[in-house]
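Trainee: The chain contents come next:
2 protein chains.
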Amino acid sequence: MNPDFSFILQATDGTARKGEIRTPRGVVRTPAFMPVGTAATVKAMFAHDVRAAGADIILGNVYHLMLRPGAERIARLGGLHHFMRWSYPILTDSGGFQVMSLSKLRKLNEEGVTFQSHIDGSKHHLTPERSMEIQDLLGADIQMQFDECVRLPCSEEEAARAMRLSLRWAERSRKAFRDTPGRGVFGIVQGGASKPLRIESAKMLANMDFHGLAVGGLAVGEPQEVMLDMLDVTLPHLPTHKPRYLMGVGTPDDIMKAVARGIDMFDCVMPTRAGRHGLAYTRFGPLNMKNARHAEDANPLDPESDCPATSNYSRAYLHHLVKAGEILGMMLLTQVNVAYYQFLMNGLRNAIHAGNLDNFIAQTREGWERGKA
Amino acid sequence: MNPDFSFILQATDGTARKGEIRTPRGVVRTPAFMPVGTAATVKAMFAHDVRAAGADIILGNVYHLMLRPGAERIARLGGLHHFMRWSYPILTDSGGFQVMSLSKLRKLNEEGVTFQSHIDGSKHHLTPERSMEIQDLLGADIQMQFDECVRLPCSEEEAARAMRLSLRWAERSRKAFRDTPGRGVFGIVQGGASKPLRIESAKMLANMDFHGLAVGGLAVGEPQEVMLDMLDVTLPHLPTHKPRYLMGVGTPDDIMKAVARGIDMFDCVMPTRAGRHGLAYTRFGPLNMKNARHAEDANPLDPESDCPATSNYSRAYLHHLVKAGEILGMMLLTQVNVAYYQFLMNGLRNAIHAGNLDNFIAQTREGWERGKA
Numbered sequence: 001m002n003p004d005f006s007f008i009l010q011a012t013d014g015t016a017r018k019g020e021i022r023t024p025r026g027v028v029r030t031p032a033f034m035p036v037g038t039a040a041t042v043k044a045m046f047a048h049d050v051r052a053a054g055a056d057i058i059l060g061n062v063y064h065l066m067l068r069p070g071a072e073r074i075a076r077l078g079g080l081h082h083f084m085r086w087s088y089p090i091l092t093d094s095g096g097f098q099v100m101s102l103s104k105l106r107k108l109n110e111e112g113v114t115f116q117s118h119i120d121g122s123k124h125h126l127t128p129e130r131s132m133e134i135q136d137l138l139g140a141d142i143q144m145q146f147d148e149c150v151r152l153p154c155s156e157e158e159a160a161r162a163m164r165l166s167l168r169w170a171e172r173s174r175k176a177f178r179d180t181p182g183r184g185v186f187g188i189v190q191g192g193a194s195k196p197l198r199i200e201s202a203k204m205l206a207n208m209d210f211h212g213l214a215v216g217g218l219a220v221g222e223p224q225e226v227m228l229d230m231l232d233v234t235l236p237h238l239p240t241h242k243p244r245y246l247m248g249v250g251t252p253d254d255i256m257k258a259v260a261r262g263i264d265m266f267d268c269v270m271p272t273r274a275g276r277h278g279l280a281y282t283r284f285g286p287l288n289m290k291n292a293r294h295a296e297d298a299n300p301l302d303p304e305s306d307c308p309a310t311s312n313y314s315r316a317y318l319h320h321l322v323k324a325g326e327i328l329g330m331m332l333l334t335q336v337n338v339a340y341y342q343f344l345m346n347g348l349r350n351a352i353h354a355g356n357l358d359n360f361i362a363q364t365r366e367g368w369e370r371g372k373a
Numbered sequence: 001m002n003p004d005f006s007f008i009l010q011a012t013d014g015t016a017r018k019g020e021i022r023t024p025r026g027v028v029r030t031p032a033f034m035p036v037g038t039a040a041t042v043k044a045m046f047a048h049d050v051r052a053a054g055a056d057i058i059l060g061n062v063y064h065l066m067l068r069p070g071a072e073r074i075a076r077l078g079g080l081h082h083f084m085r086w087s088y089p090i091l092t093d094s095g096g097f098q099v100m101s102l103s104k105l106r107k108l109n110e111e112g113v114t115f116q117s118h119i120d121g122s123k124h125h126l127t128p129e130r131s132m133e134i135q136d137l138l139g140a141d142i143q144m145q146f147d148e149c150v151r152l153p154c155s156e157e158e159a160a161r162a163m164r165l166s167l168r169w170a171e172r173s174r175k176a177f178r179d180t181p182g183r184g185v186f187g188i189v190q191g192g193a194s195k196p197l198r199i200e201s202a203k204m205l206a207n208m209d210f211h212g213l214a215v216g217g218l219a220v221g222e223p224q225e226v227m228l229d230m231l232d233v234t235l236p237h238l239p240t241h242k243p244r245y246l247m248g249v250g251t252p253d254d255i256m257k258a259v260a261r262g263i264d265m266f267d268c269v270m271p272t273r274a275g276r277h278g279l280a281y282t283r284f285g286p287l288n289m290k291n292a293r294h295a296e297d298a299n300p301l302d303p304e305s306d307c308p309a310t311s312n313y314s315r316a317y318l319h320h321l322v323k324a325g326e327i328l329g330m331m332l333l334t335q336v337n338v339a340y341y342q343f344l345m346n347g348l349r350n351a352i353h354a355g356n357l358d359n360f361i362a363q364t365r366e367g368w369e370r371g372k373a
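Read top to bottom, the protein sequences are chains A and B.
Residue numbering for the first sequence follows our numbering, beginning at 1 and increasing consecutively.
Residue numbering for the second sequence follows our numbering, beginning at 1 and increasing consecutively.
So that you can see chain A by itself, here it is in the shape it has in the complex (with noise of 0.2 Å):
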């Protein structure tokens, strides 16, 4: 294992964990959420806001960055972090989810995936060859195997067929990880919706070199409970000394189940993607800012928040903006919700040294019920 990435567990409570990943760029508090920074930017945050509202790590895409601008051109411009002047860390997904979501006219073997881009129908080839190839020239801290995601539902043997695959890539991506001190890469389980082949899954990956293990091809359609379901089965299986990062969730109240059952890692874009559309997530839930009862409302989001954007603007302000389609709404409101998401786990992770999780999930359930009345 790499002596400069390491991960320490420092409390827990029943099985949820406390700890620290830490990395030459920087320690990441976890339980930890990422903000997605899909094409090389948080999107409508300036980098520096990022930080201020306590993000210790965000996330970058292989599928977008290998299209536009490149990877070899990012490693000529000194790779992501000095390219969007970011100097934290940053986990790069392997690019397997956004080829499944995104791309047209895919082909896959057992080689990888043919695929056109969104962007310009140009064609490109993954391997997890070649998506480690893409992470290390970006220069990502913490890189994904490449794997395969299938769409919930699918057939038990879609499922074994593309988690065997994926087991297959996983031993291909670690082999073909460049071990860079500081630097860590992460097993995917797979399964799609079977609790078998979770399991089968988890425990390959725990056998093998990982520094970290991610639980993906969950949050893609299936209902809360199938996503629980599928960490119960899948989480006893995995080391306990080692990160786990349940990919692309999710809403406030996923997190705080998937915390309580032992992740340590999130992201999704769902806090950026929601500030741009008018919605603010705030210890009183998350409020539409587009509805007319905001109008006239000179208080604040949260007067006691931290986050500018939440304390310091009225609500009838964020209002406006976002009825005017204004940039600056977009811009408040994401800072609003990346703050937001931060504040939550922060008090996760301190109610987790505390030993009082179940009492903190509570009244933040609470806050947000106080929120609708």
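Warning: the hint list may mix true and false statements.
The list treats identical chains as one, so a pair stands whether inside a single copy or across any two.
[Claimed, not checked] Simulated crosslink set (PhoX-like; lysine-lysine; CA at most 25 Å straight-line):
| id | residue 1 | residue 2 |
| --- | --- | --- |
| 1 | Lys323 | Lys123 |
| 2 | Lys372 | Lys290 |
| 3 | Lys123 | Lys290 |
| 4 | Lys104 | Lys323 |
| 5 | Lys104 | Lys43 |
Hints listed in this document are in silico derivations from the structure and should not be mistaken for laboratory results.
Since chain A is already given, all that's left is putting chain B on it; use the hints.
Mentor: Below, chain B without anything else, positioned relative to chain A:
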């Protein structure tokens, strides 16, 4: 006149002037450029970044604000400064220009203008009295008379009719202006592209009790030469002890030429609009960031700029953001452009103070030429 609102002429260089407009909300160093904050936001910029870019004053639009969110609503919410979290001076236009350029189905008579909103087709009425009432509700530090602005080219008769109507509206506006301590009201010279009409308008307005005088109805499609001709005939008839504001102008070149002739204030959507469309104003002239020649350029736009957006990000990154349609690209380039305009104004003020304006203008032009090479 209003003792809390004053204009101090500090230096001249030929016909060019350096001075200060002093208001309780802050000093406006002239020649000044006012970023346009149309709908209670300088588009794609945080108010604190507008200030950090060097702006002493911004402009708000009566037309936009009366339609959405409404002047009375803004007043109930504490006025425009508080609403948009900008505590420094604000100038509001009177609505006359946008009624001409944006609204549909106008009906104009001696009393005022009836028009349809470009947003929802709703019917609205503006008179000099209502325009001044709105500007008072907004709490603008500098308010503009209500005027009729005609498109160029137009007939001498049409220009004369609109100019004389604007003079009668000037008297009504001055009378309707609430003489709140610290606030001023400006008259607007009209007269289309006719020298005699411009002179007539200027002479009449010079004798009214305004705190400043504007030259309106230019930058509406005429060649730069026509605009400069109008300034040459108009400015000698305006009192030297009042600030002079050239409305809606313009390019850096327009501004330098107008400053040399004795203009003290400007506003224009150019820096902000151009920033949202991939154009960067710099010491090396305007740069189209969509251009492929920036794709691998690791240099910032200008390493010597005080503006972080100008000095801290590579041209390659800005190019990428613009090509990908990322909001951060608009945010950064808007900041670049607002900062460049303020940098230019600061240079003009220093040059007038030092008595070497011609030299400064020549050097500025040389920089633009170098950028083309």
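Trainee: Each hint needs a verdict: does it hold in this structure or not?
Mentor: Status of the hints after comparison with the structure:
For the homomeric pair Lys323 and Lys123, the shortest alpha-carbon distance between copies (19 Å) is at most 25 Å, but the shortest distance inside one copy (40 Å) is not. Taking the shortest Cα distances, Lys372 and Lys290 sit within 25 Å of each other inside one copy (16 Å), while across copies they are farther apart (46 Å). Taking CA atoms no more than 25 Å apart as the test, Lys123 paired with Lys290 passes between copies only; the shortest distance there is 23 Å, against 41 Å inside one copy. With identical chains, the CA atoms of Lys104 and Lys323 are at most 25 Å apart between copies only, with a shortest distance of 21 Å across copies and 34 Å within one.
Taking the shortest Cα distances, Lys104 and Lys43 sit within 25 Å of each other inside one copy (24 Å), while across copies they are farther apart (35 Å).
Every hint from the earlier list agrees with this structure, and none is contradicted.
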